[in-house]
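Assemble the whole structure, with the sequences as input and the hints as a guide.
Protein chains: 4
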Amino acid sequence: MLVEFSIIPIGVGSSLGAHLAEVLKIVDASGLPYKLNPMGTVIEGEWDETMKLIRKCHKAVMKTSERTVTIISIDDRKGKTNRIEAKVKSVEKRLGKSLKK
Amino acid sequence: MLVEFSIIPIGVGSSLGAHLAEVLKIVDASGLPYKLNPMGTVIEGEWDETMKLIRKCHKAVMKTSERTVTIISIDDRKGKTNRIEAKVKSVEKRLGKSLKK
Amino acid sequence: MLVEFSIIPIGVGSSLGAHLAEVLKIVDASGLPYKLNPMGTVIEGEWDETMKLIRKCHKAVMKTSERTVTIISIDDRKGKTNRIEAKVKSVEKRLGKSLKK
Amino acid sequence: MLVEFSIIPIGVGSSLGAHLAEVLKIVDASGLPYKLNPMGTVIEGEWDETMKLIRKCHKAVMKTSERTVTIISIDDRKGKTNRIEAKVKSVEKRLGKSLKK
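Top line first, the protein sequences correspond to chains A, B, C and D.
First residue of the first sequence: 470, per our numbering; consecutive thereafter.
First residue of the second sequence: 470, per our numbering; consecutive thereafter.
First residue of the third sequence: 470, per our numbering; consecutive thereafter.
First residue of the fourth sequence: 470, per our numbering; consecutive thereafter.
Since the hints were derived computationally from the structure, they do not count as laboratory data.
One thing to keep in mind: the hints can contain errors.
Intra- or inter-copy, both count: the list cannot distinguish identical chains.
[To be verified] The calculated lysine-lysine pairs, modelled on DSS-like cross-linking and capped at a C-alpha distance of 27 Å, are:
no., residue 1, residue 2
1, Lys562, Lys547
2, Lys566, Lys494
3, Lys549, Lys532
4, Lys521, Lys532
5, Lys532, Lys562
6, Lys525, Lys566
7, Lys562, Lys528
8, Lys547, Lys521
9, Lys569, Lys525
Here it is, written out as structure tokens:
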């Protein structure tokens with residue numbers, strides 16, 4: 470399944486870059502396929518492995534933040550793999566043109 | 470922590486009531502504090518118990534749906550409990566009036 | 470359509486109650502049907518009137534916050550009205566029992 | 470502000486590619502900066518122009534779908550521009566390495 474998540478530390482000021490870097494360090498080291506975008510990170514895998522990774526990231530941010538909001542969106546589709554690459558390509562193919570990514 | 474979730478089966482028609490009833494049956498039997506609203510269900514508990522419940526609901530919907538989108542929002546705040554009741558009451562107290570719930 | 474929204478001021482500390490009260494004051498005065506829950510506020514109306522209200526709430530929070538995250542979920546279904554009451558009742562009817570709200 | 474949105478037609482089957490292509494055609498023609506990812510589209514602009522574009526996309530999907538769920542996440546930060554490029558670069562700079570995008 471595809472999972473996008475975004476972790477927002479509350480009460481640590483309005484600059485969140487250091488916390489996001491900590492999260493991405495964990496994601497990048499996890500070995501799961503991922504893609505970072507300006508509003509979140511998309512990962513691909515089974516429920517248990519993706520949720521374990523998000524739990525680890527959330528807990529890491531809670532170490533330095535009193536309050537944290539984490540938003541998770543799951544798109545689970547039977548019998549489909551490598552959707553982290555295929556979904557965008559499929560849209561481009563239908564439109565017959567390359568899109569901004 | 471407080472967790473709101475919403476499970477949307479895709480490809481089973483536009484009436485989702487039967488699937489939502491199945492989900493709420495699982496939530497109501499779980500023993501976790503919960504509140505149903507027109508757009509989702511809010512539960513309160515630790516990461517592992519809340520995520521285990523949402524996983525169970527998501528998997529139940531996947532049994533009858535080829536594709537499912539699940540949206541999860543987490544609000545985790547150190548040292549606070551019974552926020553499922555306290556958050557709304559706190560807003561009402563500040564405004565000095567009862568709000569629609 | 471049904472619209473749930475949640476406004477999170479960033480960088481104003483971890484206690485957000487005063488900002489939420491300001492938002493609910495605007496919602497309560499708007500005249501639109503609404504229901505407050507521990508994770509957000511659900512309103513019902515057409516696109517332009519619901520989005521105008523959320524814009525007003527978001528702009529009010531931005532007056533005292535350098536950064537604000539606003540999450541909006543829309544459930545738009547043709548030919549259905551008063552869903553802010555009907556959706557939950559429909560689930561209860563299917564289960565044959567009253568649920569926590 | 471940065472805005473990510475995702476439009477999910479309900480009741481049109483589990484393959485949503487044709488609907489997503491229609492949405493991306495509108496986004497690509499809008500002239501607003503955007504980035505497509507496997508779970509949504511991020512756009513950058515002021516409230517009125519970004520919401521006008523999402524409204525147009527949502528209404529286009531509603532033409533062929535009886536029910537549509539649209540999820541919108543806004544990150545609004547005073548005095549910052551070109552964040553659609555800068556946010557990811559800032560994380561990479563902190564980590565001293567290139568990330569998957």
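Which of the numbered hints are not met once you compare them with the structure shown? Hints that this structure does not satisfy do not exist here, as all of them hold.
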